[in-house]
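K.L.:
The residues making up each chain are set out below.
Number of protein chains: 2
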Amino acid sequence: MATIKEVSDLAGVSQATVSRVMNGNNKVSEINRERVMAAMDKLGYQPNSFAQALATNRSYSVGIVVGTLSGPFYGPMMHSIESVLRNEGQHLIATSGHDDLEQERDAIRFLNSRRVDAILLVVQAMGDDELIEMCQRNPNIFVLNRYVPELANRCIYLNNELGGYLATKHLIDLGHTKIASITGPLVHLDARERLQGYRNALNEAGIEYDAQLVVEGLYQEDGGNKAAAKLFQRDVEFTGVVCGNDNIAIGVYDILSLDNESPAERISVVGYDDMFYSRYLRPKMTTIRFPIEEMGTIAANMVLQNLSNVDLVKGVQLEPQLIVRESSAPPVG
Amino acid sequence: MATIKEVSDLAGVSQATVSRVMNGNNKVSEINRERVMAAMDKLGYQPNSFAQALATNRSYSVGIVVGTLSGPFYGPMMHSIESVLRNEGQHLIATSGHDDLEQERDAIRFLNSRRVDAILLVVQAMGDDELIEMCQRNPNIFVLNRYVPELANRCIYLNNELGGYLATKHLIDLGHTKIASITGPLVHLDARERLQGYRNALNEAGIEYDAQLVVEGLYQEDGGNKAAAKLFQRDVEFTGVVCGNDNIAIGVYDILSLDNESPAERISVVGYDDMFYSRYLRPKMTTIRFPIEEMGTIAANMVLQNLSNVDLVKGVQLEPQLIVRESSAPPVG
DNA sequence: TTGTAGGCGTTATCAG
DNA sequence: CTGATAACGCCTACAA
Chain F
3 MATIKEVSDL AGVSQATVSR VMNGNNKVSE INRERVMAAM DKLGYQPNSF AQALATNRSY
63 SVGIVVGTLS GPFYGPMMHS IESVLRNEGQ HLIATSGHDD LEQERDAIRF LNSRRVDAIL
123 LVVQAMGDDE LIEMCQRNPN IFVLNRYVPE LANRCIYLNN ELGGYLATKH LIDLGHTKIA
183 SITGPLVHLD ARERLQGYRN ALNEAGIEYD AQLVVEGLYQ EDGGNKAAAK LFQRDVEFTG
243 VVCGNDNIAI GVYDILSLDN ESPAERISVV GYDDMFYSRY LRPKMTTIRF PIEEMGTIAA
303 NMVLQNLSNV DLVKGVQLEP QLIVRESSAP PVG
Chain E
3 MATIKEVSDL AGVSQATVSR VMNGNNKVSE INRERVMAAM DKLGYQPNSF AQALATNRSY
63 SVGIVVGTLS GPFYGPMMHS IESVLRNEGQ HLIATSGHDD LEQERDAIRF LNSRRVDAIL
123 LVVQAMGDDE LIEMCQRNPN IFVLNRYVPE LANRCIYLNN ELGGYLATKH LIDLGHTKIA
183 SITGPLVHLD ARERLQGYRN ALNEAGIEYD AQLVVEGLYQ EDGGNKAAAK LFQRDVEFTG
243 VVCGNDNIAI GVYDILSLDN ESPAERISVV GYDDMFYSRY LRPKMTTIRF PIEEMGTIAA
303 NMVLQNLSNV DLVKGVQLEP QLIVRESSAP PVG
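From first to last, the protein sequence lines stand for chains F and E.
Start counting the first sequence at 3; every next residue gets the next number (the numbering used here).
Start counting the second sequence at 3; every next residue gets the next number (the numbering used here).
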């Protein structure tokens, strides 16, 4: 690859001049500018960003560590982040932590040695303490989809309790009184918050909380099926189920279909997250929308602001929204 | 951030020695090694990869440009690529081209100036000629999911014709003779190839090709609905539909459901790609599996080989596979 | 085994 | 407006 020196030689000017035209410094004569441009063009010159970064101490890139590069959750988020970053001449370096502590650490190490201008963290495995310590060392770290009180001004997170409340309230409004809940793993704060929202709605409606109606499931693949099966095996009646996420809700769909039943007939089901495929299910799923893209956009903007030395006073809490589709209906009988 | 100099000062050795312990050079006395390690630790030292890359002319990172960072297609691919790369100490820098020529060029420019060790291209907008020219300049570019004859040894692609054949053959084997096809945009080579596979199967079975039964659709979102609607409005009979991808097949699902019909009852439908959500649909979709992850793995390995100077003699063609689920059945009557 | 010193490709300061 | 030249942080002969 051509270097600045080759360009300057070819153009018959100094390296400094080449550098100047690259960086849009206007103190260059028109004639020289043209000569330089021509030379660059001829050589297919691309500045070496390592050298640039070394000299300027700026990398013009921000790093993100997500759970996985695939999946309906992180994808849209990275997408929106990249869009706004790119508009400002920044680039995104994406790494994944696979919800594994060592890998998360490794990813962060990588981004640090890459001297990214900022780091976006969407991590599960790493504990609050470690997070806090890192943030103290590095003022350009932001935490997504997670709330850490000590890091309040660098967190962008969802009001999960409200989501759980909305889902439950929806069923209550439809007339349901026997409402079950299949939660995500309760080690996760968000699962606990969603459950709390469920309790709040129940409470508000004067419905007593019944532990028999609550089962803990997994967010992944068929964690939903297992948990749903468990619920149906218990000897309790219910006409609606509030789920920890869409995957779990799909598990309920599956269990119902074993009896040739469909959601909303005898049992209403409400998901959570509104993954893009939820609308492809039949019946279309009633769910809680999680503004993933918006979270990404906001995060990216916070980064940009921080980089231009605007003081960040507080984090951002996003509101979930109820999306009513076809999997919920008034109880029969 | 601490530099190598600070570490060497603190450890009371030269920078060279610090560099040696970093790079696992064993010609360092145990005592000095320990001193250095302690110093690094104390300072939270992270080598500056810009400086390293500048000095070694190696970045230990490979770049990829995909259509979008989100979506069920690119995600799994990046995921598998990152996995194998990471195992070898390489990192993935992901950028997106949004199927837009300027953005694709920009992404490539970025990766070039990042001096990535190799570039993986999954691009749509860029023409063959431009691709060829780039590959000539840079021997470390690979083309995924696309076949360019002149670049045969750096392409990893799918046997699309076979896929179209398998889908159609499946319906024929079930007893169907009136089989429609909703293709992707025929400007795309893969859509044309899939269509050709359809023709081949028909031909082999002695069924005459009927242009009335073929309609061109879009791969995205509701491109399927529109094309399906068009097909159903034509005055032709058919009992099976072979689709250009799963999205299009979902369009057929939707159209059928308007009449309260379900796939496999009167009309069988076969998708293409086996997106992960296809199994969540009811009835579960019969489709052609596209080994996306495998494509990623292979690509990553090619990169690795090329980096260790193994000569690449040929590209790789992957075989699609028929996945029979519930949306196809023998024709009734 | 260790240290010295030159070089990697840019930027930026400072004279001209 | 232009050109030397000293950083930037690290690696790597070469010498000791």
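Keep in mind that a hint or two might mislead.
Which copy is meant is left open, so a pair is good if it fits within one copy or across any two.
To be verified - Straight-line Cα separation of at most 30 angstroms, DSSO-like style, residue types lysine-lysine; simulated pairs:
hint, residue 1, residue 2
1, K44, K232
2, K232, K171
3, K29, K286
4, K180, K7
5, K171, K29
6, K180, K29
7, K232, K286
8, K44, K228
9, K286, K228
10, K29, K228
11, K44, K286
12, K7, K286
Source of the hints: derived by calculation from the structure; they are not laboratory data.
K.L.:
At most 30 angstroms between alpha carbons: which applies to K29 and K228, within, between, both or neither?
P.N.:
Neither, since 69 angstroms and 56 angstroms both go past 30 angstroms.
K.L.:
Within a copy, between copies, both or neither: where do K232 and K171 come within 30 angstroms Cα-Cα?
P.N.:
This pair counts as within: shortest intra-copy Cα distance 24 angstroms, inter-copy 42 angstroms.
K.L.:
I want to check one pair: K180 and K7. Are their C-alpha atoms no more than 30 angstroms apart within a copy, between two copies, both, or neither?
P.N.:
neither (76 angstroms within a copy, 68 angstroms between copies)
K.L.:
One pair to classify: K171 and K29, alpha carbons no more than 30 angstroms apart. Within, between, both, or neither?
P.N.:
Classified as neither: same-chain Cα gap 65 angstroms, cross-chain 69 angstroms, threshold 30 angstroms.
K.L.:
Have a look at K286 and K228 and pick one of within, between, both or neither, based on CA distance no larger than 30 angstroms.
P.N.:
Classified as both: same-chain Cα gap 22 angstroms, cross-chain 19 angstroms, threshold 30 angstroms.
K.L.:
For K44 vs K286, is the C-alpha pair at or below 30 angstroms within one copy, between two copies, both, or neither?
P.N.:
For K44 and K286, the Cα distance exceeds 30 angstroms both inside one copy (57 angstroms) and across copies (56 angstroms).
K.L.:
For the identical chains here, do K232 and K286 meet the 30 angstroms Cα criterion within one copy, between copies, both, or neither?
P.N.:
So K232 and K286 pass the 30 angstroms test inside a copy (24 angstroms) and across (24 angstroms) alike.
K.L.:
From the Cα coordinates, with 30 angstroms as the cut-off, is the pair K180 and K29 best called within, between, both, or neither?
P.N.:
neither (75 angstroms within a copy, 72 angstroms between copies)
K.L.:
Indicate which option fits the pair K7, K286 if close means a Cα-Cα distance not exceeding 30 angstroms: within, between, both or neither.
P.N.:
neither (62 angstroms within a copy, 61 angstroms between copies)
K.L.:
Using 30 angstroms as the alpha-carbon threshold, which applies to K29 and K286: within, between, both, or neither?
P.N.:
For K29 and K286, neither the intra-copy (62 angstroms) nor the inter-copy (66 angstroms) Cα distance is at most 30 angstroms.
K.L.:
Within a copy, between copies, both or neither: where do K44 and K228 come within 30 angstroms Cα-Cα?
P.N.:
For K44 and K228, neither the intra-copy (63 angstroms) nor the inter-copy (48 angstroms) Cα distance is at most 30 angstroms.
K.L.:
My question is about K44 and K232: at a cut-off of 30 angstroms on alpha-carbon distance, are they close within one copy, between copies, both, or neither?
P.N.:
neither (69 angstroms within a copy, 51 angstroms between copies)
Checked against the numbered hints given earlier, the structure breaks hints 1, 3, 4, 5, 6, 8, 10, 11, 12 and satisfies all the rest.
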